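So the chains spell out like this:
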Amino acid sequence: MRIETKKKLDLIFKGFLVLTAFTSILVTIGIVIALLEDTIRFFNHPEGGGFPSSLIRFFTEKEWTPTFVTKKIGILPLLCGTFLIAGIAMCISVPLGLLIAVYLSEFASHRVKEAVKPWLDFLEAIPTVVYGYFALLGVTPLLQWFFRKFDIEVQGMNALSPGIVLGVMILPFTASLVEDSLRGVPHYLREASYSLGASKLKTAFGVVIPAAKSGIIAAYLLGASRAVGETMVVAVAAGMYPNLTLNPLEPVQTITGYIVQVALGDLPFLSFEYLSIFAAGFLLFLLSLFFNLMAIYVKSKVERY
Amino acid sequence: MKENKVRFKEKLFEIVGVLCLLFVLTFLFSIILKLFLDGLHRIFDLKFYTSYPSRFPQEAGILSAWVDTIYVMIGAIFWSIFLGVPAGIYLEEFGGKGRLARIIEANITNLSAVPSIVYGLLALGIFVYRFKFGESILTAGLTLGLLMLPVIVVTTRESLRRIPRAIREGAYALGATNYELVFHHLLPYSIGGILTGVIIATSRAIGETAPLLTIGALTFIAFLPPPPWEDFIGMLKSPFTFLPIQIFNWVSRPQEAFHKNAAAAGFVLLVLCLILNSVSYYLRYKMRKKYQW
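Protein chains in written order, with my numbering: chain A, 292 to 596; chain B, 4 to 296.
Quick caveat, the hints were computed from the structure, so don't treat them as lab data.
Be careful, since some hints might not be right.
Claimed, not checked - Below, in silico cross-link-like pairs of lysine-lysine (DSBU-like), each with a Cα-Cα straight-line distance of 35 Å or less: (1) Lys504/A x Lys493/A; (2) Lys493/A x Lys240/B; (3) Lys491/A x Lys8/B.
Note that this is a predicted model, so its numbers are computed, not measured.
Could you build all of it, start to finish, from the sequences and the hints given here?
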């Protein structure tokens, strides 16, 4: 091959690489355009009351019924449901994740680690709809049986059961991130602590965890972002009723659950219902972006050893 | 005396740690067991795999679901490799520390944390209504492909990073062009790692329900798409269903008989994911043995 053709081929090759790398930016732009444009249309739609008043109604009304004849567009019940379930999930995931990560990185033998890791990976690979099935038909009956002993009625759809399942679901993800940041703590810190006579436990909780603090917080922020954006578990097991409540035994609806509910029905292009899922989705996008940026910010504060 | 107390505390913590692990593993096994027991008599029923969904739970099957799932996943794998591997090569080998590369890198990190249902809204707003691809296998494959993209880019970069610099310098010193370096050296050495990433991304994407739900996957579909060797465009434009969506549809019905179908289909999906995961483990192990720099 002549050198000129080779040079040309090389240029084409490099151009192709740059082009494909650039598609990821196009995807982001596509997401923002698709969401933003229809969100603006949503707030301008006459059924929502036109621009300034629809935005006020969005944040002040206490009911969310864009699919009904009388349209109320207060996002609060959906936000409440989303954070209720994500909160329950984090209550499970934070302590368990920390304990498992500390145990695996500081105490467990190599053999235990090698034996457990594949199963944790597998837990992460289970399809979310299967988790949903388990929440609805496995955990909820168990909770009903448990709470009946205290004469408390648990409804078939509730926030507690998907919250618990979600907590276990994001656990392998957060635990492995926490473990990574624990492992990032240099050994001389541990050795210094031992030489001062501290026990293994004292070293783990008094030295290693504080040293890895920012990494751990970043891991949990990413976990929270996942819990907020998770869809199928809540769509199956949390119910389809936007409910402004903090009672975990009642059915609630999350932002993602609402999007699924509407998407299941017939969806005429640019109808009010169609636009409402984009407004809800845009809010979800901003929420997860907020958590992710927080995680990046916290991580940037990481101490370099 | 005090030493004993410290020992005791340490042992206690170890027990707590093991208990936490056991709790999580119990959770995992009870999911598998629950699906298996609930779906038992459908899992071993051959008709379950060869019949279309039906109003009657005993006759309903997952034929259209698994066939469409294969079509969609082939599309998704194609798009994610076509877009992801070159992007990974660019970022790792030629991007350097330039501004463009840094922006793309941050962007990909962000994309990997976007909730999957947002990809569904992207597909609904852009592919279905603006590009007019319709609610088709093409749209579904493209959507899942974009969802897999960040994983592929990251694993491509990681496996390229493991190749020593001497290889690149040697190739350049002998007068190789960039594409010769990539096709003759970098890709052959890193193909195992890339393949592992593709398999892991596939096993994630095959369980995705939300993004395909929003673009309007059907839940009651009693025909197969035309085979691609007869009518390729018709196959791409054909409406589709997806295994997890079939499961979701069956779970959300009130009749218990349908729940059994959901459990059986869920078990099939779970086994598929387990197989994909094991293959990726095996590949990673093999590759680590083959190339030791």
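Hint by hint, here is what the structure shows:
With a CA separation close to 16 Å, the supplied pair Lys504/A and Lys493/A stays within the 35 Å bound. For the given pair, Lys493/A sits about 62 Å from Lys240/B by alpha-carbon distance, which is inconsistent with the 35 Å threshold. A C-alpha spacing of about 13 Å is found between Lys491/A and Lys8/B, which places the hinted pair at or below 35 Å, so the restraint holds.
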